[in-house]
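Colleague: Here the protein sequences come in this chain order: A and B. If you're matching positions, the first sequence starts at 182 in our numbering and goes up one per residue. If you're matching positions, the second sequence starts at 996 in our numbering and goes up one per residue.
Worth flagging that the hints you see were computed from the coordinates, not collected in a lab. Ideal Cβ positions, reconstructed from N, Cα and C, are used throughout, including at glycine. Just to be clear, a hint being listed does not mean it is correct.
Label-pair ranges, simulated between beta-carbon atoms [as the list claims (entries may be wrong)]:
| hint | chain 1 | residue 1 | chain 2 | residue 2 | range |
| --- | --- | --- | --- | --- | --- |
| 1 | A | 258 | B | 1095 | 23 to 31 Å |
| 2 | A | 312 | B | 1322 | 31 to 39 Å |
| 3 | A | 312 | B | 1016 | 50 to 58 Å |
| 4 | A | 278 | B | 1026 | 51 to 59 Å |
| 5 | B | 1217 | A | 316 | 36 to 44 Å |
| 6 | B | 1228 | A | 208 | 38 to 46 Å |
| 7 | B | 1281 | A | 286 | 44 to 52 Å |
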Amino acid sequence: MVDTRGQLYTIEGVAAALIMLASAYLVVNATSIYTPGDTHISDMQLEVLGNDALVMMNTATNATSESPLQAIVETNNGNAFGQMYNNIVNNRTGQDQDHVQFMANVSYVRPDNTVNSTTLLNMSRPLSGGEHAVHVSEWVIVKAGDPENPFPRNRTELVEVYLWRD
Amino acid sequence: MSDISGNLSVDFLAGFTIFIIAFIWVATMIPSLLIGLNAYPIDYNAVAYRTGVILAEDPGSAGPVPGAPCFGISSASGTSWESLPDKCDIARFGLAVSKNTPNILDENKVDRFFCWTVSADPNNRTTFSYPTDYQERAIFGDYPYQFNISLKIAGQDQVRSVGDVIPDGDYGYIRRDVMIKGSSNATIDAAVARNKNYGYNNTENVTLNQFSIELNQAELLDGITSSPHEIDYPAYQIDPGSDDIIINITELEATRDMTLHPNLPDSCNLVGITFYEQLSGNTYLFNITPAITEYNLTINETYTPVSLPAMVNDSVSLAFKPGAFSTAENADPSAPVFINLTFALSPPQQYLNNTLTQPFDYNYDPANVTQPQLQSGVLEVAVW
């Protein structure tokens, strides 16, 4: 940077400036990882909400009836699921509704140990690819027997829901 | 930097200027770097989440509140904080029915929680004041957070809320989907009385007709009952210690024998209500006397008598507060309770009477008792 006479030259000044700018650029980018309002908080909120909604749907309103989710899975009623889940997950204490979108699958293990997975509800809005979806699931005990099983019995099915906001 | 003749090189000046300009530019970027490191919004969301969990998943706790002005006064304990009149006895709010029933809220806890006032009256030790009582028992933390907690229950127009108006700017937020457990009630009408032979096979024309209602607290709590339905999940349980117990006796007039006594009786009075408990190891019954403030007696749907006897036309309603029976002296919270109503008629005749049959059992049989129902709702917590 300096010669024997202690002189700083233009090209070194430019080089020093570029190094400083490059460092500043790196620092700015690195700190943005720690900035608030990051996706993990809204993801957590969405996950809590989606999980609550599934658990509440799987809770019967009294001791003798079955839960709404159980009835929906037994009859494979995707429309009823969509309507009820939409009401619960988008319900707010104020007048306005939230805008959470979702899709749901249900799967169970067949007697031959293969997994049968079907779409319970197709997505409430077509996916564009840029969504940042979270996943929640709930086990449901279903009374209806397996149609492929000659000896019907209760089985557990896994309801999986993907949620995202527009 | 300079030679012995003292001349500055132009090359040096150019390089040094570029260096200084770049240095100043980077230095001015440092404050804007730190703006992004404001931690409050993260904290707000965390506090809102924590408060949401405490309210939705925790049954709360009675006991002294560390740091509160009335610290050291309380000796209460347990999770039925909602029945304690003195707020100094309440350590932590929590609306869940029990620790095993997350997101299932207790109606009485909800009612008590949303009963608040803004003015902090140091002499009022019953009503909660915003924000201090809530900060000490639900929000926690050293920072005096402001908040708004609201609950909307399906089928109810009114939204319950506590706290300030939510600001437009940054605030922490969480929403929980919940269910609210209602209370049970029993209606004893003409059909029930006829089915169970309450009075109908009683051919004796007695002056005093006794009607007895059994509340087997041990069976209700264990969920093991003689009824066909066994309940052991607290969300559907009838717990006299934390739930309201409501007994409505209606269509009393229909239990009279209309052929023998076609005219209305000259007088028909409820002359007494007595309470008995069958303590463990004993075959006989002990008389217990719950405080008169622990239950509401309503006669003919509107009239609340100050003392008995009171004239009865057609209905008697008894509403017991949570824990009404355990407030009585020597009461055992798990012993069967018998509630005896005595009616005096003139002229003597058949009336609601089960001395010759079985006491009416307040249990998990839907034919006897309308079971507790869960109602869906949504709980929102905003903190700033």
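Colleague: Decide, hint by hint, whether the structure agrees.
Modeller: Going down the list of hints, with the structure as the test:
no.: 1; hint: A/258 with B/1095: 23 to 31 Å; result: holds, 30 Å
no.: 2; hint: A/312 with B/1322: 31 to 39 Å; result: violated, 56 Å
no.: 3; hint: A/312 with B/1016: 50 to 58 Å; result: violated, 44 Å
no.: 4; hint: A/278 with B/1026: 51 to 59 Å; result: violated, 41 Å
no.: 5; hint: B/1217 with A/316: 36 to 44 Å; result: holds, 39 Å
no.: 6; hint: B/1228 with A/208: 38 to 46 Å; result: violated, 56 Å
no.: 7; hint: B/1281 with A/286: 44 to 52 Å; result: violated, 59 Å
Consistency note: the structure conflicts with the earlier hints numbered 2, 3, 4, 6, 7.
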